[in-house]
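Based on the hints, put chain B in the right spot on chain A.
Number of protein chains: 2
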Amino acid sequence: MVLQRFIETLRPAIEDELRQTIDRIRSGDQDGLWAMLAYHLGWEGQGAGRDAQGKRIRPLLVLLCSVAAGAPWQPALPAAAGVELIHNFSLIHDDIQDQSKLRRGRPTVWAKWGIPQAINAGDLMFTIAHQAVLEVRETMTAEVTLNASNLLHQACVDLTRGQYLDLAYEGMKEIPLEAYWPMVAGKTAALLACCTEMGALLACSNPDRRKAFRQFGYSLGLAFQVVDDWLGIWGNTALTGKSAENDLVTGKKTLPVLHGVSQEGEFARFWNTRPIHPEDVTVLAKMLIDEGTQAYIEGIADRLTGEALVALDVASEHNEAAQALRELANQLLSRDK
Amino acid sequence: MVLQRFIETLRPAIEDELRQTIDRIRSGDQDGLWAMLAYHLGWEGQGAGRDAQGKRIRPLLVLLCSVAAGAPWQPALPAAAGVELIHNFSLIHDDIQDQSKLRRGRPTVWAKWGIPQAINAGDLMFTIAHQAVLEVRETMTAEVTLNASNLLHQACVDLTRGQYLDLAYEGMKEIPLEAYWPMVAGKTAALLACCTEMGALLACSNPDRRKAFRQFGYSLGLAFQVVDDWLGIWGNTALTGKSAENDLVTGKKTLPVLHGVSQEGEFARFWNTRPIHPEDVTVLAKMLIDEGTQAYIEGIADRLTGEALVALDVASEHNEAAQALRELANQLLSRDK
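Residue numbers (my numbering), protein chains in the order written: chain A, 11 to 347; chain B, 11 to 347.
Nothing false has been slipped in among the hints.
Just a few of them, taken from the derived set where beta-carbon distance is under 10 angstroms, the chain B residues facing chain A:
no.	residue
1	F99
2	G124
3	A131
4	H163
According to the in silico footprint, chain B covers these stretches of chain A (three or more CB under 8 angstroms from chain B):
no.	region
5	103 to 114
6	136 to 142
7	145 to 156
These aren't lab readings, by the way, just hints derived from the structure by calculation. Ideal placement from N, C-alpha and C gives every residue a C-beta, glycine not left out.
This is chain A alone, in the form it adopts within the complex:
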């Protein structure tokens, strides 16, 4: 696995860069503030360690895309840290918004320190993320640095727009199938598109190549969300292990649900007339298969996966990083999890 070899080199570099970025704000009387960020990033406190850190997919994408565009990965490190910090800022605020008390098996920041401090810790991580990107100035021109900063800011606008729609949908009864796409374009695809374009930008690629890398991240993001929605209903843990966490029970407006409702069949009648309990999950998941929803979702996931891989082929050099990106995409988009 080429990917594994890249990860062994890049992962420690990403972790170092992130720690250095966070440690810059450490100071005597505000150590408690630093501790919240270090806890959320999985380095400090109970349960700290690799599992608590997550996979750092986004910074890996930035660095691999830089190499796949024919440049070294080192100059892109500060921007890689920046996108990971934006992802984590959004998780801190998301957890408050969703009232989630656990993330990766550990209490969330708001559950540990209260909502006011968690909002503030998120705001600080947001700021540090943008500062990190400006650090590419060490090796890049002022103009490229500004472009990188603009790229990340635009992703943040898209993120908050997607989040707005997600929150707004919660309170709505009838949501058309098409309403799904602007939400996930903002919530998931925007930041992945930013990562892949960022890698190309910092490799000083021309606009066409940047666009192709962006398309790769964007399609990858949409495909990833559709696969995640599939897993949330038909995945092993969702269906057998923990029915209470199945997306059908939590009432999320996922693509299978929106499609199922749009079919106006048995699933729609069930969904619209009563609350869903864990014991209903097997029957409803089966209804969605019988009514063609599962096939529809798989068709879309396959199409988007194909689009992502074609864009990657168009964008990248024929080198090992491109191969690693293909492996990463296939891992992210696999349904045997």
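Okay, now just chain B, sitting in the frame of chain A:
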């Protein structure tokens, strides 16, 4: 009044720039998100109008400092909008953190749209603020644009640090007098220092002059907070009109309270042994006068005001904008409100 003449020119330009900045994110399916920002900024919804907009002190400082440093104000407009949006982002999140249901006589964003949407609206305003500053690139070099962006980011780091301390102090019983300064340095002085330095930076001033302008804003910010603390206890509305809103009742860790407690006299005994009710306000406010706290606070306010005006004299050209800044400082720091 020179200041009044400047305000008549600058205020509409600031309002226009802010509206253009916010309107850029307006789009069909996310009009509701735009509406939250436009409501908070005082343009839309119930009670919209001049009173709901506030005084736009921070953008005025940016523009006046540019002129006082010998440059035109127009190129600084995007940055002026940026600092005002950062101020307003922090207000949206502050109101959630303090559970304040009213601001300038109108329901706060979270009171109208709920905490999840208000956190997200604040996050969007934060992003737009930083994007606005990057717009100075239209008339400035990439290097100056990066410096401006860095300046605002550093102010945001300081803001969140001050906010962290403020929130942390709420739950603490004994806070030493010195703990006051890092809190207000972050919460109030950092953004005003950013405004005045930003004006000088965009006027392409040399580092010494930038430093003097920064000192002006920093001392002005500290003085402003001390005067605000004075008004919170001995001001007309606090003492006579609305005793329930007197800082002694709300339990805020203001400078008079921290000083009064440090004197270990009658005030300290009262403060440490029972909750303060509106009917106690007159007696306690009198105790603080008798024990020398009021004179101490006034001494500090006068010293900081003096420092601000000296820094302004050192920094600025002898022109009308400098005179307007002196008038603005005197208005902000007056205790007859």
